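Novice: Now for the letters of each chain:
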Amino acid sequence: MLDTIKQFASEFFVTGDPLILGAQVSIGLASVAIVFVLTFFKKWGWLWREWLTTVDHKRIGIMYIICSILMLFRGGVDALLMRLQLAMPGVEFLQADHYNAIFTTHGVIMILFMAMPLMFGLFNIVVPLQIGARDVAYPFLNSLSFWMFFFGAMLFNVSFVIGGSPDAGWLAYPPLSELSHSPGVGQNFYIWGIQISGIGSLATGINFIVTILKMRAPGMKLMKMPMFSWSVLSSCIMIIFAFPILTVTLFLLFLDRFAGAHFFTLDGGGNPMMYINLIWMWGHPEVYIVVVPAFGIFSEVVATFSRKKLFGYKSMVFAMIGISVLSFFTWVHHFFTMGSGADVNAFFAITTMLIAIPTGVKVFNWLFTMFRGRIRFSTPMMWSIAFIPCFVIGGMTGVLLSVAPADFQFHNSYFLIAHFHQVLIGGVVFGYFAGLYYWWPKMFGFTLNEHLGKWAFWFWNIGFYVCFMPQYFLGLDGMTRRTYTYDFDMGWGPLNLVSTIGGFLMGLAFIFQVWQIAYSIKKHKKDTTGDVWDGRTLEWSIPSPAPFYNFAVSPTVEETDDWWERKQKGEKPLAPIPDSALTPIHMPKNSAIPFIKSALWFVAGFGFVWGWLWMAIPAMIGVGICMLVRSFSYDTDYYVPVDEVKRTELLARGAKA
Amino acid sequence: MRKPVKFGRLSLLLLFIMMAALLTGCGQDIMVFDPKGPIAKDQRDLIVIAMVLCGIILVPVLALTAVIVWRYRDKKGNKSSYKPNWSHSTMMETIWWGIPIVVIVILGAVTIKYTYALEPSKPIASEQKPIVVQVTSLDWKWLFTYPEQGIATVNYLQIPEGVPIKFELTSDAPMNSFWIPQLGGQMYTMSGMAMTLYLQADEVGKYFGTAANFSGEHFTDMRFDVHATSREEFDKWADGVKKTGKELTAEGYEELAKPGRSGEHFYSSFPDGLFQKIVTKYSVGGSHGAHKASGE
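Chains as they are written, first to last, in numbering that gives the first Met the number 0: chain A, 0 to 656; chain B, 0 to 295.
Quick caveat, the hints were computed from the structure, so don't treat them as lab data.
Being a predicted model, the structure only gives us computed values, none of them experimental.
Each hint should be verified, as a subset may be incorrect.
Simulated pairs of lysine to any residue, SDA-like, Cα-Cα distance not exceeding 25 Å [what the hints assert, rightly or not]:
1. A:K645 with A:A591
2. B:K112 with B:I56
3. B:K257 with A:P182
4. B:K257 with A:D266
5. A:K308 with B:V66
6. B:K82 with A:S314
7. B:K205 with B:G149
8. A:K313 with B:K112
9. B:K40 with A:M489
Only chain A is shown next, with the shape it has when bound in the complex:
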C-alpha cells in the first residue's frame, strides 16, 4: 500500500531537481503565509465580496494586471535561466530536457499569460471610462473571462511542480507533441491550460466589441472615439476570428492524445503540417492582437504628452484596420522552408511586406503628433519615445525576414529570436508599460515615483539592446534557436556573454519597477485632480480612482478629445455636480458563479490531464449546473440610490479641497 502511494507520488510530483524542489517548498510556504495573513486579519470575507465575486471592470482589470506581473516574473526567471545556460560555451547548468521545458514555458507564459492578461487588464480599466460607459456590456461574462484565464494559467503553471512541464516548444508542433514523442502529462497541461484560458479570451473579445459598439456615450460617433478604444476594437475583431482556430486545433491535438485519433500523427493518415498551418493561422494574428492595443496606447500617450491633437486620425484608423485584415493572410511566412513552392512563398512574402506600409504610416503619424507639440518627458512618454526606434528597427528586420529566399538563411536562427523579441518587447512590453504608467493614477488614485521609474526605464532599454542586438549576429553565424549548449570553437561565446549581461540588466530593471511600486504605495502621493497628466479623453474627467459606477452623470460628447475641448472652454477638473442632474444608477450585482464555474473547469482540466474521468466528468457536470443556475437567476442588477451617488461624489471630489 505504502509502495503504491510512493509510486504514485513520484509520478505525480516532479522530483529529483533541486531548483524545482526549492520552488515546491517556497510555493508551499507562500500558500501557508497567504492563508495565515488572510485568517489573522479576518480578510476572507473582504476577499470574497470585494474581489473574487466582483463584476466591476476596474477591479477585474486590476486582478488581470497583478496576475500578469506575477507571470512576467516567472517568464523572466525562465529567460534568465536560459541566458545563464548560454552565457558561455559548454555550461552544465541545465540539462537538455530541463532547458527544453524552460523555453517552452517561457514562450507560452510570456505571450498567453503575461501579454494577454496585461492587455485585457488595460482594456478593462480604460475602455468603459474612455467611452463614457458605466461598465462593459456583459459584466458577468467579463468576470467569467477573468476567472477562466486565471484558472487556465494556474493549470499551466501547476505542471511545473506536479506532473512535469511541457517541453515541445511554445506552439507544440506535432508529432513532437503527440503521445508517441511526449508521453508525459506535460503536454496535456499545455493543451488544457491554454484551452481554458482561451475560452476566456474569446469571451473578452466578444464583450469588448459589443461594449464599444453599443455603449459609447451619447454623441461619441465611431470616428470621434479615442484611438485606444479603436485599437481595442480591431484587436477584439482579430480575437473573435483567430481564437476559435486555436480552440479547434488544440482540441484535435487532444483527441489525438486522448482518444487515439490521427489528425496530426505521422502514421494513420495524419498530417503534422496541417497543425502547423492551423496553429499559425491563429499564431500570426495573435501577435497583432497584442501589439495593436499598444499602438492605441502610444496614440493616447503621444498626444497627451505633446499637448497636441493626434495627427492623421483617419489614417490611423485605416492603418489599424488594414493591419488587422492583413494579419490573417501572412501565416505561411512562419514556414517558407517547408517547400510550398515559389508561387505560395511569393504570395505570402508580399502580403507580409504589405503590413509594413500601414505600420510605417502609424510611425510617421506619431512623429508628426510630436512635431510642433510640446513634449513632456514623463515616464509614459519616455516608453513611447523609446518604442519608436526599437520598433522601427524590429520592423525592418521583420521585412528582411519576409523576403522568402533570404528567410531560408534566417529561419529558426537567433536572427529570428532577436527580431520577435524586438517587436514584442519594443512594441508590446514598452507599450503596455507606457499604458500602465499612464493609467496607474486612474486605477489607484496615487501616482508612481517618477525618479525610480526612470531608473527602471533606462535599465530596461540599455539592457534590451545589449541583450538582443548580439543575437542578430549569432543567428547570422549559424546559431539556431532552442540550442541548449555549444562548443567553444563555434566562436559564439563572447556575443552570448554580452547577451546574458543584457538579460540581467532587464532583470534589474524589473526589480526597480517592483521597488517603484512598493515605494509609491508607501509614500502614497494622492491624485486629487483626477487629471494628473492634463489628459484629453473622458477617463480624466472623473475622480481617481473612479467611483464604482464611473460617471455620476453620463457625459454627452461633442468632439474628439472631448475632455480637452471642455477644458479649453473653461471647465475645471472635478467641478461639483448639481444635485438635480443626478438620477439612480443601474448597476450589475456581484456573482460567485464565474469563480465557482472556472474553478470547476480547473478541476475538469486537471482530470483530463491525468486521464481521470472520475474527476473530469463530475466537474463538467458542475460546470453545466452553474450555467443552469445562471440561466434561471433573475436578480442580477440593482439601482444605486441618488443619496449614495451624492455621498460618493462628495467624498471623491471634496477630497480635492
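For chain A, the structure is supplied; the task is to place chain B on it using the hints.
Specialist: The following block gives chain B in isolation, referenced to the frame of chain A:
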C-alpha cells in the same frame, strides 16, 4: 529633467561602442556573410539589397525622431512653433503612405524574382552532373545515404567541390530542418515526403551543418561537419568507405532510428531502397506523401 539626458548620452555611447565591437570583431567570419557556394552567395546578395532598401527608410526615420524629440521638448524659452490643433495634412499623409508603398513595391519585385530563381528544388546550372545525397533526420542524428556511391554515413557529410548536390530530404522522426549556412538556406525534413534542395560548394573546406528545427530532447547534438573536397578525393573517400565501412542492414537501421545521440559512422552499403521505404512508410493508400516522394 537633467538626469535622463545624461543617461541618454551614456546609452548612445554604449550602443555605439557595442556596434563597433560587433562590426569589427566578427564581421569577417559571420557564416551567412561568408558564403562558399552559389546559393548562399545569391542569398547573401539578396540580404544586402534588402538591408539597403530598409536602411533607406530606417536612417531618416531615426534621425527625424531624434530631431523632433529634441526640438519640440517642453522647455521654457523653446522658440519652435507650437500648434496644438494641427492634426491633418493631406499632402504629408500622402507622402508617407507613398514612401513605404514605393519601397515595398521595389522590394516585392526583387523578392519575387529571387523567390523563383532560388526555388530550392530548381537544379543549379552546371556542366557537372549533380550528385544525389539522401538525407534522413532521425532522433537525434542525421543519416546520409549516397545512392550512386552505395554508401551511407551518420553525422558526417562529404561532397565534391564545384559539383551541384541534389539533397533529398525526409524524416523518420519529428520534423527537422537541414541547414548548412555557408552553402545556402535551410529546408525542412518531413516524414512522408521527400523535399529537394540543391546546394553546391565552390571551395574546398570544412563547413558547419546543423539541425535547425527543434525535434526533442537532444536536438542540439544534431550537428555535423560538411567536408567539401576535390572530386578525386571525394571518389577516393567513397571507395574507402565502400571497402572499410561496415554494412548497414535493415535491422541496423531500426537500431539507428531509435532515439539517442550518435557519433560519426560510415557504412559500406545500405538496404536497397531504404530512403523510399522511409518516405512511404508513413503514407496510407497513396496519399499525398507517396505522390510527393515519387516526383519533383
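Novice: For each hint given before, does the structure comply? Return the numbers of the non-compliant ones in rising order.
Specialist: The structure conflicts with hints 1, 8, although it agrees with all the remaining ones.
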